[in-house]
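K.L.:
Here are the chains, one letter per residue:
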Amino acid sequence: MEFQSYEANNTNITSTTVLYVGSLYKLSQEDSSWIVSNAFIIFTMQTGFGMLESGCVSLKNEVNIMMKNVVDIVLGGLTYWLFGFGVSFGREEPTNSFIGVGGYLIDPEIDDELFGPISAAFLFQLSFATTSTTIVSGAMAERCNFKAYCLFSLLNTIVYCMPAGWVWGDHGFLRNMGAVDIAGSGTVHLVGGVSALACALMLGPRLGRYDEGIDALPLGCPVNALMGLFVLWWGWLAFNSGSTYGVSGMRWKYAARAAVSTMLASMGGGLVGLGFSLANPKRIDILSQINGILGSLVAVTGGCFLYKAWESILIGMIGGFMTCFTMPLLDKMGVDDPVGASATHGISGFWGVMAIGFFADDPHPLNTTSGRKGLFKGGGWYLLGVQLLTGVCLSVWSFTSSVILLWIIDKIIPIRMDEHEELLGADLVEHRIHHSQIGVSRALSALHPLPSKKQSLNGVPSIGTNPGHDSFILKVIRVKRLNNGLKIFHRRPLIRMENTFEEKLQIPTINSSNSDSLKLAWTN
Amino acid sequence: MEFQSYEANNTNITSTTVLYVGSLYKLSQEDSSWIVSNAFIIFTMQTGFGMLESGCVSLKNEVNIMMKNVVDIVLGGLTYWLFGFGVSFGREEPTNSFIGVGGYLIDPEIDDELFGPISAAFLFQLSFATTSTTIVSGAMAERCNFKAYCLFSLLNTIVYCMPAGWVWGDHGFLRNMGAVDIAGSGTVHLVGGVSALACALMLGPRLGRYDEGIDALPLGCPVNALMGLFVLWWGWLAFNSGSTYGVSGMRWKYAARAAVSTMLASMGGGLVGLGFSLANPKRIDILSQINGILGSLVAVTGGCFLYKAWESILIGMIGGFMTCFTMPLLDKMGVDDPVGASATHGISGFWGVMAIGFFADDPHPLNTTSGRKGLFKGGGWYLLGVQLLTGVCLSVWSFTSSVILLWIIDKIIPIRMDEHEELLGADLVEHRIHHSQIGVSRALSALHPLPSKKQSLNGVPSIGTNPGHDSFILKVIRVKRLNNGLKIFHRRPLIRMENTFEEKLQIPTINSSNSDSLKLAWTN
Amino acid sequence: MEFQSYEANNTNITSTTVLYVGSLYKLSQEDSSWIVSNAFIIFTMQTGFGMLESGCVSLKNEVNIMMKNVVDIVLGGLTYWLFGFGVSFGREEPTNSFIGVGGYLIDPEIDDELFGPISAAFLFQLSFATTSTTIVSGAMAERCNFKAYCLFSLLNTIVYCMPAGWVWGDHGFLRNMGAVDIAGSGTVHLVGGVSALACALMLGPRLGRYDEGIDALPLGCPVNALMGLFVLWWGWLAFNSGSTYGVSGMRWKYAARAAVSTMLASMGGGLVGLGFSLANPKRIDILSQINGILGSLVAVTGGCFLYKAWESILIGMIGGFMTCFTMPLLDKMGVDDPVGASATHGISGFWGVMAIGFFADDPHPLNTTSGRKGLFKGGGWYLLGVQLLTGVCLSVWSFTSSVILLWIIDKIIPIRMDEHEELLGADLVEHRIHHSQIGVSRALSALHPLPSKKQSLNGVPSIGTNPGHDSFILKVIRVKRLNNGLKIFHRRPLIRMENTFEEKLQIPTINSSNSDSLKLAWTN
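Residue numbers (the UniProt record's numbering), protein chains in the order written: chain V, 1 to 524; chain U, 1 to 524; chain W, 1 to 524.
Quick caveat, the hints were computed from the structure, so don't treat them as lab data.
Keep in mind that a hint or two might mislead.
[As the list claims (entries may be wrong)] Partial list, computed: chain W residues near chain V (C-beta under 7 Å):
#, residue
1, Gln29
2, Phe40
3, Arg432
4, Thr465
By construction, the Cβ of each residue, glycine as well, lies at the ideal position given by its N, Cα and C atoms.
Isolated chain V (complex conformation) (with noise of 0.2 Å):
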């Protein structure tokens, strides 16, 4: 994020005091206004994650996965407030390079001459907080137990705030060498990514996932799954526009100009995906498409106002291919992650870093990058090492916490589901919705005599149907076979109706003297 230290001496900024303590706080009305509205738009990405996995999974998870995502925000936006915040831009002793220390709980009176860029600062990491845990429950997908999963969601903030306090606190040491990470490759993709690569490992592939061979599995609902690319790609643009933290001073204009990088990156990948796509002998692949473009916009994120037009579409080209190409790789080593996050937000982060080292222009009179260009403007060598430098600690820190939290949990409650839970999907098992002509009951009646929830799952009625109406009119079939009317009892609405449904059905019964041309109009 561009907060760190653009001198606000031009005379654009007329109408607001601009603050000077912690460059976090810099924000003026119309700044504070472009952070809030961008923030907005940066939390429909949730939904765009949310669909993009629930499409991306078998019919039987996808509300499961859903769930997952909700509760992503419910918990981990708690503990961001509770000490994700602080450990990421907290200023108290005593903070040192590695950590960050108070600003938990945040909750700045409003006689604090602070008070608005405060609220709007957190509400603008807390949306990106989000974002970033988010990203490690699609490689967790169809396997990983609800309530263990709940439990991940609180403490998966660490993995989180402490990277970004490294490169974007005050205190940071990577941030105090010059490392450069705008809207987040490193601190949002790369983390996310690596840290759901882990969650892959740690929890296996899913029941017989490579028993056809590494081929993808069939999506369970590809619409949903690029509607949730739809907006994924629309709320980048807030993600990466809204990142140059403001629209004071010169700042509009590398807005505009993230939002131009994004899209054309965007373009970039998309042709590589759809590159690969069209190459695969077998289909056109949906996944390959939406992963490139993805993997494009994950390695355009970091950088994304530094570059010049033909420079975003070559990033954005090399992400999505590292995307795609990394994809079946990771799947022929075993490592199963349905919808692809490690390689698309990992593989692809780490080259949004890296391609700040190679190609960053200094962005006057911003001081994003310090006055450093990358090593192709003339820069040489200091960038692009930060950037490695930046690229491995985010990437060693992140898979060894997810690691260490995840077996902690596992201890806690086993991460993985019963294997028989699993067969049956976490939507049954878990939330009792139970999925018709997707073989849910041939895995019901296969594993019947297994022990698998106290209750029963045989009786759970098909979604979408309404039992109730069903039971009254496996009554109607049942009245017309004795052929002696009907009788049934149901609660009445407050405005009695003038036709009932009995009177019309006890007409015939009445009126008729003639029982056989009844009954023949019964059974037609």
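Once you have looked at the hints, place chains U and W on chain V.
P.N.:
Frame of chain V, contents of chains U and W only:
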């Protein structure tokens, strides 16, 4: 809404002439941009309500309820323009404490000094009005006649615009007593929720609703319901944050705070909803999770920028608790509200109005609370009393007016669907949309001799199929059986394709000398 | 778009240097923030078009049409960057009245004084270009070859960027004659709609389309179609309101008016669509309701801030009427446009262009209409004449160029799918997505001996299923039948679960001494 009487005596408003005629129209360029942008987002809440409601009902009514949401904007919007805005905010004689007069068919001349602010104000109010009126549709789902609903949509504006004037209009008696309801816990949600309760009571429960106990019926499409939750969630940010009614002066700071409070409250409510879900012995309940979050959002709406962080969380938790606790209670009382709108918006809306009386800060220099504070902030009992009065007035008005309205409409068009139409589902009966695999065909055959509509419903093709192709393929199958080539006629595209289907199929007939091998090929 | 020649001589623009080089780049910080934010929202219209089109086609093509919408942005966006923007807005020699030159591969240096405005302008124009080109995809649904469509996507930019230059470019002959088309009733919708008509004619109707009369085929997923309507509806607010091209000066007032006009027009069109729906003797027609609203939005787009409130409603009603009236007419003429794009965007777009000639105000101090007024406002016939000329030029251009383009593409890759591919559906043939329960399997078996693609399509698993699990469960069933325990091998998760599936299953085999009771247990 916060357009009361904020004194624009600070130096931040440099670029506009602040207008003093009517507090509603005191809008600078920045303020107008803020509320117009936020109105755009608030309109997306209609998408959220549509998806949530459509996902909650059984499949055979999922389209019908979406159509009702469309009609809400079309007809409700028209009447809001015709008279609703005038009743709420009119200032002409004989405007009194209970009703505004004038401002009907609002249409400012471009030479009018206020033409910009009036346009912006109307747009913002319109987005609120359509949101409020659509809350009711969920409670009427699956059994309300479509045409009667259209009539209700037209007139429902009355239920909303009167109390909105009481609380927000310059003339309103509640406003002049000091009632506070920033983004409408009362005027939007309590009114909508109580109206929903009235409608659910008037319509009576769905057929067979309580045959198997009070457990919720299965959701028709839980993924859509959860997507609706997400859309509403983010829309709510604009709803509350936009209700600072601008960003000039100190407003931008409170706008940021409103967004933070909204997120924090939703986390509190989400936690409670998750608790209810996990505590349910049978399942992790989707609807409790959804309505826990929505209930907390409703609760924080009224005083969205008056609370400290932990208070927002607490208010959200209480709102979520009241919602999740009341939902099954209403079912026990035989009130069938398919999406839980009465509990979510009504009960939690009342709590939201009261919470202001307990917790409100005085957000100086804004005049939102007229300098008053809530009970727990040392403001004494006055504000709490006014808020209680507001809650009672709004509840009584919306219940009574809804009952009268529906009673009148029922005299014109019966509001409840015929029972056999309800059993077949509104999608089939009203829209000829035939969902397969959910028992509609069985219902059709069971109810066969009943006079449903003029036209037959038996021939309606299943959703998602292509009847043109089906007949085409049946012809192919017939042709195969006859083993004598294929005669098909269909319209030609302008560009003749070189190698058509017929030719390919005819090749074996023409070239093959051995009819037996051909026969084999066909039957393979 | 309203970037003509507004004189920035008012004092409101305090915080920026207003730039005079090219009216397209006269953007202050506020203006840029406005159009950049609105561009974000306009891009969401792609989601709307995708969901609408995907919901309108039969299920066996629902994914394919979404993919085409993805490709529209990727390829259409790339060519817009490569040459489209330059053709519309280039200013170098030899730019003439018909075509702009220069500005290709646009990429402003950060030292360029105009670098911010150019970035913002390009982003905004890009959002318009991708919207226009995607209109066509709906008309080509269900029968257009995917690879041919990719080629079309690449080149379709030509169809859009030429007339956009005529009406909006500084060089454009229509602009210099005084043509008015604020947000593109003509340049976006008429062009898109007429192009859609040309494409529908070139492709010919879907197989068997008119076998059962001209009634619309069943929508594949009406809920998605309605969701698409909603997304488009709100996106349109940004589309029209953003086309003030800023908020500085008086623009913010007209931006607010544009949004109000847009909503009012949509209510008018929605009312007409509802009338058509209710008047239909067979059903309350979803597509009439949708296209009535969209048609009215198209109609109001061109003069969105030039109308009084009741005029907006009237223009919307006429637009909605023309759309709903023309849709079945086109079907009678054998033009098969699955989503009605020709009527909605073409016919209503033409009306939108003409409506300006009848109703336009002179929105002083903006120079939108060059001081002219519509016929009914006392402006005489001139503006009406120019608008008529605009409508005719745009129609002729887009029809001719689309036909030529498709004709050329058809020589390279046949644009129409093979007939057996069309019968199987593009989802299966192109993407190997097998929708169950909609007749695809029957089609597969009926068309079996035909040479479809290299690979067999019979083995493709049904959408939403998990083939890995299926084979796993089949093994369980087989094991049960053999009654000799269970031997399964699968990859282990890294963390060994204490109590695995196999062990549980093996317990009876090992411990039980009575094989009969075990047998019983298995078969239970």
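K.L.:
Each hint: holds or not?
P.N.:
Okay, the hints, checked on the actual structure:
no. : hint   : in the structure
1   : Gln29  : 4 Å, holds
2   : Phe40  : 5 Å, holds
3   : Arg432 : 4 Å, holds
4   : Thr465 : 5 Å, holds
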